[in-house]
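Start from chain L and add chain E according to the hints.
2 protein chains.
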Amino acid sequence: MSPITTFSHRFDDATGLTPLGDGVFEGRTDPAYTNMVGPFGGLTAAILLQAVLLDERHLGEPVSLTVNYAGPIADGPFTISVDPVRTNRNTQHWTVTLSQNDVVATTATAVFGTRRATWASTESAPPEAPPASAVEPAEFPELVAWLDNYEMRFVEGSSLELDAGPRPSSTSTLWVRDKPARPLDHLSLTAMSDVFLPRVMLRLGKFVPAGTVTLTVYFHADTDVLAAQGDRPVLATARAGRLGRGFSDQYAELWTDDGELLATGHQLVYFKA
Amino acid sequence: MSPITTFSHRFDDATGLTPLGDGVFEGRTDPAYTNMVGPFGGLTAAILLQAVLLDERHLGEPVSLTVNYAGPIADGPFTISVDPVRTNRNTQHWTVTLSQNDVVATTATAVFGTRRATWASTESAPPEAPPASAVEPAEFPELVAWLDNYEMRFVEGSSLELDAGPRPSSTSTLWVRDKPARPLDHLSLTAMSDVFLPRVMLRLGKFVPAGTVTLTVYFHADTDVLAAQGDRPVLATARAGRLGRGFSDQYAELWTDDGELLATGHQLVYFKA
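Just so you know, the sequences run in chain order L and E. Under our numbering, the first sequence has 247 at position 247, and the numbering climbs by one with no breaks. Under our numbering, the second sequence has 209 at position 209, and the numbering climbs by one with no breaks.
Take these hints with a grain of salt, some might be off.
[Said to hold, decoys possible] Selected chain L positions facing chain E (in silico; Cβ < 7 Å):
| # | residue |
| --- | --- |
| 1 | His-220 |
| 2 | Leu-261 |
| 3 | Leu-268 |
Hints were generated in silico from the structure; no laboratory data involved. Built from N, CA and C at the ideal position, the CB exists for glycine as well.
In isolation and in its complexed conformation, chain L is listed as follows (with noise of 0.2 Å):
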């Protein structure tokens, strides 16, 4: 017996459901991932896309998932529930709903697909920066439990430098991977899609009240672009593009470290200030 196949990585068990039979499934929060309030809202999404996944009745591949945080998570268990509301030629519409004594706390929709060869170009380009391995990981204050699950090398816009006052810029690219190193999958990618601070808050350099309304992830890498990164770092850039009147939204990228355009990330966030 190789230490390799019996080790348990925390995210797995994170993400570990129970099946209770009719598309119905039970989970708990992990403290290993609290954030301010309740769980990481990256944590959250992967959990209910892995419900699909899960499910037996699931067709194809993840290429869409949006995720509604439409009120807080209580430490503790609860129950997601997924239905197929549309099975095509090549895609397959999910929704998803997390509850915690039946009132809802999560929604989600998914769309599952046949991914075929076909004509391809990625018009996008990677943000500059140095191999992983030229960078140090940050090191976290004991701010939020959650941190502590990533290896996260800051490029530009680092989370750590938040008290450094307003920046013209809400950019930051980083390193991100697992800690302990984890091979990719669709799971911990929608994860890394919310890695990053709320925009507003690197954009005023301090604290401010925010937290994510609406994500988005469209996957771009099937299953076997995700086994030839293995566990090497994923390079993550997020922006705002307009912020205020209450919100502001994200747009994220993630790269594999030969240029590969992983996922997209898309989100509203809610923000005082």
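Chain E only, in chain L's frame:
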């Protein structure tokens, strides 16, 4: 009686719904907004948002909308049901379902929110474009009906040049407004976020089978901003980040003529090529 006050715009007819009570509405496809297969997807998105706006339980203004095109919509009547799954102090989360003969054709989630004056910043920049008055409106071949409801003045990447052969860039930029002109609101803004030809067709310079599977709109404009815009043309721009393995993304921005970002549109498009 002024003819202006009695004039009903075709867009208002097409997005008109009859409330049946308990969050259920009935609508009907409008032949004036027909696309290649079924209705123009931007109109469908607007109709789903309309259902929430017509439900007297809605609070605040639309801040986010995600629409999943699960299956075709046949000519004729359809039913929409809306559910305010969670109402918080500042945000309200809705799920929306469009069905025909009890078969789900489209699902959506919407977030409504209270708009407040906050710190604000626009980091994105509008695309370079001459004033709308300096650009000739495009004359479309009689391809699909819905195009007749829009005045489009292409600055870059005209859909008219579809047969011009392959292009290196998927960017299109145009001035767009309803034809005849109609004051902008959240409904028409939603529809306008989807006026772009699938980017894969623009890149390849030919028709290929393609269709939006999921669309997300983030609204930055509140009703005051929309009222100030009136019926002046909107500066719209879109591009793909990555096209391949059967799917393409698309990122769009809608700007006022004085540089205010009204909304961003995000979509994933299925294609065969």
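Results of checking the hints against the structure:
no.	hint	result
1	His-220	holds (5 Å)
2	Leu-261	holds (4 Å)
3	Leu-268	holds (5 Å)
Hint check: no violations occur; every hint is consistent with the structure.
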